[in-house]
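Engineer: Residues per chain are reported as follows:
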Amino acid sequence: MIGLWSVPLLFALPLALGILSLLVVPAWRPRLIFVGLPLLAAASLDVLAGLATAGPQVYRLGDWIAPLGINLVVDGLAVGMILMTTLVATLCALYARVYLRDHPPASSFFWPLLWFLWAGMNGIWLAEDIFNLYVGLEVMGLAAVGMVALRATPQALAAAMRYLLAALLGSLAYLLGVALLYAAYGTLSMAGLHEAATNNATTQVALALIILGLLLKTALFPLHAWLPPAHGGALTPVSALLSALVIKASFYILLRLWLVLGPEVTPELTAQLLGVLGAGAVFYGGWMAWRQHHLKQLVAYSTVAQIGYLFLFFPLVTNTSPEAARLAWDGTLMMLVAHALAKAALFLSAGNLILAVGSPQISHLVGISRFRPMSLFSFGLAGVSLMGLPPSGGFTAKWLLLHSAILSGQWWWLIVLFLGGLLSAAYIFKVFRMSFREGPQIDRSVTPPLTLDVVALVLAASAILIGLFAHLPLHWLRMGSVLGMG
Amino acid sequence: MILRIVLAGLLCLGVTVALGWAVLERPMPVENLPERVASAMPESGVEHPITAVLLNFRSYDTLLEIAVLLVAVVVALALREAQPDQPEQMGLDNPLLRAVMAWLLPLILVVAGFLLWAGSYQPGGAFQAGSVLAAAGVLLRLAGVTTNWLDNALLMRAGLALGLLTFLGIGLLVMLPGVPFLTYPAAHAGTLILVIELTLTLSIGLTLLSLFRLTPPYADDPDDARPQEDRNL
Amino acid sequence: MSGSLVFAWSGVLLFGLGLFGFIAHRHLLRRLLAFNIMGSGSFLVLVGLAQEGRGVDPVPHALVITGIVVAVASTALALVVFRRWYRASGRTDLPEDT
Amino acid sequence: MPWLDLLLGFTICVTAGLALIARDMFRAVIMFIVFGLLMSIAWVRLHAPDIALAEAAIGAGLTGVLLLDTLGYLRRPFGSRVDNPDDPT
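The listed protein sequences derive, respectively, from chains A, B, C and D. Numbers 1 to 486, taken from the working numbering, label the letters of the first sequence in order. Numbers 1 to 233, taken from the working numbering, label the letters of the second sequence in order. Numbers 1 to 98, taken from the working numbering, label the letters of the third sequence in order. Numbers 1 to 89, taken from the working numbering, label the letters of the fourth sequence in order.
Isolated chain A (complex conformation) (with noise of 0.2 Å):
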């Protein structure tokens, strides 16, 4: 247990922040992230540290042993997501204090979700335990769902009641899985599944259904009809922690169940199934990300298209390979981590066109360059690692994955890699298109604070370094994976 004791401080400092932002009047609620973001980002960096000297663990709360008690699971994926998530949290939560400024109080409840959000996605990147990742699911979802109501205008309340039926139906059937499981094994610890599993139809069709919920709560196409609206109309720090961060839990949690439970029960038929649907998430995301007039629209598609390239791991490690399905891990785990950084750069840097327009339509954008030049580079640096041109995260990611095809002799998933690439030039170019056309419509913007600008541009700047430095998150991240050892 050494180098352990920040552990539980991940989830237990957030929910205290949590309860004490209820308790504080409201203008004292933004001014609790300087005592909340310094503690929370000394806890990741030290449970890093725990993972770099000692190696993965796992951690036993109330000192009971796996099937009785819960175990969090300290391993390189957990350690990556944790730091992700401070990263990005922390850069959204100095946003949204600028940002909110201008919003009614009932905004200033922004700050008690995002401690909720913040504790029950770090829930759930150390979970171990398969009840208890539906617990910290519903924790995570329930303020999602709030965090999308904020703005309490039908739009708004509209796109929260679609999220919140998604993900409530999402949980049912995730939880129907659990039960099915614990019928069938006797217990809920991942560890204790992963050595009793064997291949018969209850396994297959618990997985199935906890499989549908969670691509319910992903959003992968064509399951992803709340996301738009919810991702699209919310606030915006609250669209790029959701986009950046919340769909990638649930992908997070298929992921870990895929390795416990998958391998040896699904047929290759399924991993290929969610291949061709991560691929039609591409294309489709897309195209209507392409179609959109809204410019936070379009960022909200184009996260429907990029959740495509995250499903390309399954085909890519289901009967390849060892080399091929290592570099697939690699290359998935970095798209997700560079999509984070790029998607919530996205969505502060067109939230600070907004600002600055004074419209959400991006035919208003027209002459902006000349004024916002620097709103618009962040939104072109996350652009690039969108399109996965090189140096960037997305590129990494593509190249990883373009290399794991091939060794893996599945050359299609090249075409859409390739024309997913082409599809998000596509969009991004047509912001720009408008961004440089000069025209009568504005002489002027309005300024926003400089912070904003600077929170976004830092975002950007990340998803572009973390391609240039992808070794060393890389080396992390296989720390303790079934696919890492391999």
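The set of hints was computed from the structure by calculation and includes no laboratory data. Treat each hint with caution, since some may be false.
Pairwise CB distance ranges (calculated) [said to hold, decoys possible]:
(1) A:E195 / D:L74: 45 to 55 Å
(2) B:W117 / A:L465: 40 to 50 Å
(3) A:P26 / C:R91: 30 to 40 Å
(4) A:A49 / B:L10: 48 to 58 Å
(5) A:P373 / B:L10: 20 to 30 Å
(6) B:L7 / A:T447: 19 to 29 Å
(7) B:V110 / D:L74: 35 to 45 Å
(8) A:Q272 / B:L7: 42 to 52 Å
Here a beta-carbon is modelled for each residue, glycine too, at the ideal position from N, C-alpha and C.
Since the structure of chain A is already known, use the hints to place chains B, C and D on it.
Structural biologist: Chains B, C and D only, in chain A's frame:
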């Protein structure tokens, strides 16, 4: 519309058949968790296995579950309709009901206390007792009884927060000797669980109560202090 | 066929029924009812199957109590959003919902 | 055969079905509360008195009252809210 029903029917049929298949084909588990629970009971600090699971073996789940309840309350506070009900103008302002309440309330409190205390060795516990408390609150409101302390937003929220804060605080404090989060020392486990349960009962009761529109107006917002149309159910 | 198994099968049926209602209905309150029925179904499957032929198991009991509380929190949150939506739009269902 | 359990399970499913197809929303909620109470009997039959208490108090009681409260809200004439000058709609 027809398409929707046909689709729903097919999906429902497919899921039910798949579930039935899964139920029929399920293997018998090798792992025997009930036995593990039984053998760990002496160290748990309570005698009722379900309380032991909820507040000791799997207390982390319970911690997160309280967070789920609080999230619902936060959203309710954030989306609070700008028309909270004033106690004077709501409910069934009936002298008979008030008289009955005067007798009923102590009884309800006794029942809640019993449920809480009973939880350590027989069915009952914080959740059940909390919901009884919430029921008492609803009845009070319906009877139009003015309860000043319930109308104090800060006190109310302190009550909401108390359970989770105590839970977190105890969970972190026990780590001092170098054991993991939520590891109660065997000698004090019973007492600590009782303290957690007591505060949780109060908080759960207030949480459930504040999920109603019967809760006090939100004091931060001056708009809330205006008269209301009455509500009829 | 023991009592536990009977309730597990009832749970399967309830889940199916609830799923049907959840998709077929458009009225949001009816969909919430369906959600709660699905939830009860999965709780019955959890406890019923776990106890079939193995005696009482306290772990699923605790899980179900957690699940019930989570379900009521979700329902309450949904109702809060629903009311606000109803007041803003006058509708009890979601628009362009096919 | 456990006839009592079979009967109870069957009744629960029928009540759930009625709650889902009832034409009147009020009747649907009442059927749902009945469903919850029957569920809590089922929990007793499953030797789970703790769940039975929670289901009766929270599942049937609280959820039912919340739903009824919302129904009451729906039945208020919509116009009275729109006319409210302070109402931000």
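Engineer: Compare the structure with each hint and give your call.
Structural biologist: Now the hints, each set against the structure:
no. : hint                        : result
1   : A:E195 / D:L74: 45 to 55 Å  : 52 Å, holds
2   : B:W117 / A:L465: 40 to 50 Å : 59 Å, violated
3   : A:P26 / C:R91: 30 to 40 Å   : 31 Å, holds
4   : A:A49 / B:L10: 48 to 58 Å   : 53 Å, holds
5   : A:P373 / B:L10: 20 to 30 Å  : 54 Å, violated
6   : B:L7 / A:T447: 19 to 29 Å   : 51 Å, violated
7   : B:V110 / D:L74: 35 to 45 Å  : 37 Å, holds
8   : A:Q272 / B:L7: 42 to 52 Å   : 25 Å, violated
Consistency with the previously given hints fails for numbers 2, 5, 6, 8, ordered from lowest to highest.
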